[in-house]
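Asks: Residue numbering for the sequence shown follows the working numbering, beginning at 1 and increasing consecutively.
Read the hints as simulated data drawn from the structure, not as lab findings.
All clues stand as given, with none of them false.
Pairwise CB distance ranges, derived in the manner of DEER restraints:
#1 1 x 101: 30 to 36 Å
#2 90 x 42: 35 to 41 Å
#3 127 x 1: 32 to 38 Å
#4 47 x 21: 16 to 22 Å
#5 48 x 111: 17 to 23 Å
#6 42 x 138: 28 to 34 Å
#7 108 x 13: 17 to 23 Å
#8 101 x 24: 29 to 35 Å
#9 51 x 90: 36 to 42 Å
#10 52 x 21: 20 to 26 Å
Virtual Cβ for every residue (Gly too), placed ideally from N, Cα, C.
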Amino acid sequence: MKRSQVYFNLHKRLFSVQQSGKVYAHADGVLLENVRFNVSKAGQRKVRETGRKNVHARVTGYPARVENYVTINPRLIPDIRNDFENLSGSGWHKATYNPYRNDTFVDAVTGAELHDARKVLMFTRDNAGPVILYKPTLSD
Numbered sequence: 001m002k003r004s005q006v007y008f009n010l011h012k013r014l015f016s017v018q019q020s021g022k023v024y025a026h027a028d029g030v031l032l033e034n035v036r037f038n039v040s041k042a043g044q045r046k047v048r049e050t051g052r053k054n055v056h057a058r059v060t061g062y063p064a065r066v067e068n069y070v071t072i073n074p075r076l077i078p079d080i081r082n083d084f085e086n087l088s089g090s091g092w093h094k095a096t097y098n099p100y101r102n103d104t105f106v107d108a109v110t111g112a113e114l115h116d117a118r119k120v121l122m123f124t125r126d127n128a129g130p131v132i133l134y135k136p137t138l139s140d
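Build out the structure end to end from the sequences listed, making use of the hints.
Replies: Spelled out as structure tokens, the structure:
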């Protein structure tokens, strides 16, 4: 399986999933493994200069398999949407990225910069935008 690049599509209000530069799926939930958080400095600079958002921040990784099922799915673990705060007890942390305040993705609680993670779970919530949860790498 190839590494995928995932970003939140502001127009569709879904995640766009790319491989080799082409979008092959849109989903309201994605689970990735062996993850890197990427922010294009040039794209970020343009957002800051113009005040207009563009696609310059992506989460890249390998789509996870759960019981032979690739988890890029419109109905990814529905209960998580309503109760994702309880995942923190299972080692999940919340991540965020704001191009006007942060140079990288950061931990939503500590503000620590994020560059990689073992797993990332991303999903949408009604009127709340995207939620990004991550499990730190073993060295963290």
